[in-house]
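A.B. asks: Single-letter residue listing:
Protein chains: 2
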Amino acid sequence: MYRSHNCGELRTENINETVILSGWVQKSRDKGFIVWVDLRDRYGITQLVFDEERTSKQMMEQAQNLGREFVIQVKGTVIERTSKNPNMPTGAIEILVSELTILNEALLPPFTIEDKTDGGEELRMKYRYLDIRRNPVKNSLIFRHKVAQEVRKYLSNEGFIEVETPYLIKSTPEGARDFVVPSRMNAGQFYALPQSPQTFKQLLMVGGMDKYFQIVKCFRDEDLRADRQPEFTQIDCEMAFVEQEDILNVFEGLTRYLLKEVNGVEVKEFPRMLYDDAMRLYGNDKPDIRFGMQFCPLSPEAGTFEPKGFPVFDNSEIVLAINVENCASYTRKQLDELTDWVKRPQIGANGLIYVRYNEDGTLKSSVDKFFDEAVLKTWAEKCHSKPGDLILILAGETNKTRTQLSALRMELAERLGLRKPNEFAPLWVLDFPLLEWDEDTKRYHAMHHPFTSPKPGQLELLKTNPGDVKANAYDLVLNGNEIGGGSIRIHDKKTQALMFDYLGFTPEEAKSQFGFLMDAFQYGAPPHGGLAFGLDRLVAILGGQETIRDFIAFPKNNNGRDVMIDAPAPIDDKQLEELSLKLNLK
Amino acid sequence: MYRSHNCGELRTENINETVILSGWVQKSRDKGFIVWVDLRDRYGITQLVFDEERTSKQMMEQAQNLGREFVIQVKGTVIERTSKNPNMPTGAIEILVSELTILNEALLPPFTIEDKTDGGEELRMKYRYLDIRRNPVKNSLIFRHKVAQEVRKYLSNEGFIEVETPYLIKSTPEGARDFVVPSRMNAGQFYALPQSPQTFKQLLMVGGMDKYFQIVKCFRDEDLRADRQPEFTQIDCEMAFVEQEDILNVFEGLTRYLLKEVNGVEVKEFPRMLYDDAMRLYGNDKPDIRFGMQFCPLSPEAGTFEPKGFPVFDNSEIVLAINVENCASYTRKQLDELTDWVKRPQIGANGLIYVRYNEDGTLKSSVDKFFDEAVLKTWAEKCHSKPGDLILILAGETNKTRTQLSALRMELAERLGLRKPNEFAPLWVLDFPLLEWDEDTKRYHAMHHPFTSPKPGQLELLKTNPGDVKANAYDLVLNGNEIGGGSIRIHDKKTQALMFDYLGFTPEEAKSQFGFLMDAFQYGAPPHGGLAFGLDRLVAILGGQETIRDFIAFPKNNNGRDVMIDAPAPIDDKQLEELSLKLNLK
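Those protein sequences? They're chains A and B, same order as listed.
Heads up: the first sequence at position 303 corresponds to 352 in our numbering, and the numbers run straight through without jumps.
Heads up: the second sequence at position 279 corresponds to 328 in our numbering, and the numbers run straight through without jumps.
It cannot be assumed that every hint is accurate.
Identical copies carry no separate label here, and so any pair may be met within one copy or between two of them.
Stated by the list, open to error - Calculated lysine-lysine pairs in the DSBU-like style (CA-CA distance at most 35 Å, straight line):
no.	residue 1	residue 2
1	Lys519	Lys80
2	Lys76	Lys382
3	Lys504	Lys413
4	Lys469	Lys435
5	Lys317	Lys512
6	Lys542	Lys195
7	Lys124	Lys519
8	Lys560	Lys431
9	Lys413	Lys426
10	Lys195	Lys106
11	Lys80	Lys195
Worth flagging that the hints you see were computed from the coordinates, not collected in a lab.
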């Protein structure tokens with residue numbers, strides 16, 4: 050038996066008990082006549098004590114030579130500490146060691162195994178097994194487990210069945226690139242790894258499975274960013290005989306349950322916002338509504354820009370302002386720095402206009418040459434500004450200006466501490482456009498995916514004004530992050546065929562790629578719809594972090610590499626030969 | 050709203066309520082003046098009624114034209130049935146329909162959607178979404194969900210943390226062939242899909258994660274059989290600071306819990322058997338102990354074969370018998386058929402010897418020419434036979450004879466109805482050999498995997514008698530199926546390096562393939578071990594079935610194809626081009 054107790058559970062009630070503990074040497078303090086060792090395992094830290102009086106000389110020496118991260122087993126008696134540590138759960142006791150066994154030695158770790166470590170990210174990724182010993186990473190993995198467990202519990206109680214769908218599937222292009230897997234048994238052919246179980250869950254609905262869910266890995270062979278892994282985990286759901294409202298209710302319930310169980314936070318009914326309004330008010334389809342700063346249009350129609358003569362405004366499609374509370378005191382230097390910030394290529398604005406609404410009621414702007422105080426006053430009214438506030442204005446082409454101002458809004462919120470990690474502001478965004486224009490291919494593409502149904506009665510509009518057609522599609526946004534999205538699907542073959550046609554698929558392409566789904570629709574497909582949550586992001590947000598990597602046991606870096614085991618690995622000649630055979634290249 | 054109730058829940062208490070139901074038309078009976086329709090959903094069947102007196106003529110016609118598997122919605126009143134059906138949960142009521150909406154029409158399904166269908170396996174696989182509508186398949190998927198859910202519940206309560214390990218990993222050959230995934234970001238390199246998360250879970254142990262589990266997909270690019278899918282699901286576990294006994298206790302607890310929760314069966318403490326004994330007594334490392342028929346050696350030493358002169362026995366390494374109770378009455382024809390059965394190439398025996406122990410106490414054998422009744426009597430004693438039993442004997446080379454007799458034993462048990470699906474006989478098989486000889490490569494291979502530790506003190510034996518070395522490895526057998534297996538792992542770099550050396554890896558090969566694990570072992574690896582359960586087989590056995598396919602939503606056929614969507618798919622020129630680029634072939 051390696052242990053009678055773990056390193057986190059002994060208390061004063063255990064005093065005088067003989068115990069066996071195993072774990073890692075966190076650190077030791079050697080005073081010559083006495084040695085204290087902090088012994089660590091997953092559950093906590095317990096202090097061991099060896100002293101001249103009560104410990105054999107040989108063991109004393111052994112204790113003095115224990116290195117950091119050595120794996121040891123001790124037998125000993127629980128005794129009361131003379132100086133207790135109230136910050137440690139086991140801080141009232143220590144173990145007087147009678148037997149010490151070194152189970153494994155350890156090299157000095159390349160970074161300190163402490164909550165605040167001296168190791169940089171690449172180094173910690175390379176030695177991820179050491180990084181996981183640190184509380185923040187260990188606790189993140191335990192937190193992820195808890196979230197997944199609660200999701201399963203909630204959905205199972207709601208009557209959902211977790212069904213495993215296959216990983217080796219047929220390639221059905223859904224936007225991103227598929228990872229492909231050459232087949233050995235069927236040379237010259239290949240499987241794809243699923244970008245999502247979309248078509249399978251729809252087939253389950255045709256199969257009458259009704260309430261399906263799955264926590265499932267998905268794969269996209271896309272360029273990576275800090276927050277995007279080539280493999281990611283999705284909470285995937287689908288329901289039959291439902292309308293949008295039914296789906297929103299279930300997943301609002303799930304999210305509220307998670308916030309309660311995992312974070313101890315009660316949230317009210319989730320607000321709902323139309324996609325068009327989100328774009329108009331926040332320039333963003335996933336607005337962070339933990340704070341205000343909604344966009345205020347300073348429209349020419351209202352005579353706002355009289356007297357005319359400021360060319361920037363005159364040549365702009367739109368002029369948008371945000372009101373930044375209590376920031377009239379920003380210095381010229383601060384404002385210049387903000388101006389530089391919006392002019393960076395990543396943002397791309399031409400400049401930034403400001404209006405200071407001073408505490409004394411006067412208004413002072415960077416465009417005083419063009420607009421007198423009366424005009425500024427009308428702007429301030431539009432923005433519901435009060436003395437002490439700062440108004441920031443961008444102008445230009447509508448979509449670009451919205452995107453730029455949205456970025457500025459988020460940046461200011463970040464700087465002003467308005468994006469509080471422990472505050473949760475969920476939001477449903479509804480009625481997404483069905484299609485979006487793709488400049489590269491000069492074609493409309495499905496914004497969500499080609500199985501999304503248009504709003505009732507809008508199918509005909511596809512021919513004349515495709516960009517205006519709204520979809521039965523919805524996103525759940527939490528603190529400015531899209532954590533889930535879904536739609537009511539098309540469930541009849543005719544509409545689905547029409548949709549593929551509008552999206553530029555020839556009937557042959559549609560048949561070869563999605564024929565199995567359209568065939569299935571002929572045999573009695575029920576109305577259905579669903580939603581998928583990104584588990585990685587959900588966990589990170591609930592955990593109060595910006596990055597998803599900390600919540601993944603073995604993440605990949607920006608090059609798609611598993612730093613620790615250095616995958617993907619090069620192909621050697623023999624493997625290349627075998628692959629070529631699989632691919633039927635020879 | 051598509052429904053106020055599902056099709057399985059209405060009872061006499063609901064009489065007079067107005068309800069809305071949606072579902073599929075299971076069948077309808079049209080008597081002209083009255084039409085009954087069975088409406089089906091995931092939850093059950095409810096009878097709808099339309100009659101001349103209370104239904105409009107138009108709706109009456111609509112009802113008369115409803116085809117099988119049409120998807121419909123009805124509004125109506127719950128009324129009491131005149132002739133109740135006590136075999137149906139909803140059999141006391143029916144719905145008098147006031148509104149009928151056809152949600153989707155359906156082609157006539159290619160096989161009947163009934164518990165006993167007229168569709169063959171290939172056809173049902175091709176239309177799996179229709180097959181899933183049938184109760185046996187639907188219930189199997191729900192059963193699988195329940196098993197997985199209970200596994201997670203039990204292990205979480207025991208303090209295990211579910212940690213997701215990556216799917217895109219480095220190829221680390223573990224016996225079977227890896228599926229490979231060319232990397233686009235890193236041309237000329239590739240990921241592999243994991244055959245198991247073995248090395249990752251060991252790294253988690255080095256990382257202090259202590260009690261890990263995961264229900265996870267694994268992949269093997271192997272030839273398929275009816276019961277082997279290229280992708281399969283594993284309950285994967287690992288624990289630190291444990292000995293074999295700790296692991297057996299946890300997973301015996303899990304299995305006992307599942308049998309109780311899922312099957313309502315209480316089982317006693319699991320018996321344990323050494324591998325050598327399993328081979329000796331059953332010729333099989335996964336004996337089905339729901340019935341007896343242990344092997345009885347009829348050894349020459351005991352003078353059993355006097356007088357000498359039966360060449361088959363004289364030239365055999367081993368002579369083994371089984372006693373088949375109450376089968377002395379087998380006719381000559383039945384015995385000839387059994388002889389043909391063991392002589393089939395799949396079994397490969399040269400012949401079968403029988404001894405009838407007649408009810409009257411006389412003994413009659415197929416080798417009466419060589420052995421008199423007194424000798425037969427000694428055999429019968431060895432086999433603990435009683436009058437009325439049949440003794441069957443095979444002879445030859447030890448391993449082959451054991452395998453052949455094991456097959457015969459299972460076949461007889463099958464024919465005699467001794468393999469009862471609702472009886473559960475778990476068994477631990479312990480102390481597997483560390484290595485097994487591979488005739489193809491003329492080398493020893495790790496029987497489990499190269500991370501398995503030898504029994505204490507046996508490492509040295511590797512040099513002199515590698516075949517005799519036992520491993521700290523164990524299998525859990527249920528009803529003659531291996532449902533799980535595992536081992537205590539090697540946890541120090543030196544032993545692991547030695548092991549790779551014995552297995553014929555050069556230090557360079559060991560480093561390039563497993564360097565990351567051996568590196569990790571230097572930084573304080575704890576003693577650890579684990580186990581993996583095959584979920585597919587576990588579910589099938591608990592569900593009382595022989596085949597795993599029925600419990601998988603979208604299984605592949607023996608060619609590794611997903612029949613329904615016909616994957617893998619051929620590579621077209623564009624895809625081949627892209628793949629070649631990925632592979633750096635151009």
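A.B. asks: All hints, please: hold or fail.
C.D. replies: Hints and how they fare:
1. Lys519 to Lys80: neither (74 Å within a copy, 46 Å between copies)
2. Lys76 to Lys382: neither (48 Å within a copy, 79 Å between copies)
3. Lys504 to Lys413: neither (47 Å within a copy, 83 Å between copies)
4. Lys469 to Lys435: Result: close within a single copy only, 24 Å intra versus 82 Å inter.
5. Lys317 to Lys512: neither (41 Å within a copy, 70 Å between copies)
6. Lys542 to Lys195: Close across copies (34 Å), not inside one copy (41 Å); limit 35 Å.
7. Lys124 to Lys519: This pair counts as between: shortest inter-copy Cα distance 30 Å, intra-copy 69 Å.
8. Lys560 to Lys431: neither (54 Å within a copy, 68 Å between copies)
9. Lys413 to Lys426: within (10 Å within a copy, 117 Å between copies)
10. Lys195 to Lys106: Neither: 46 Å inside a chain and 58 Å across chains, both beyond 35 Å.
11. Lys80 to Lys195: neither (42 Å within a copy, 57 Å between copies)
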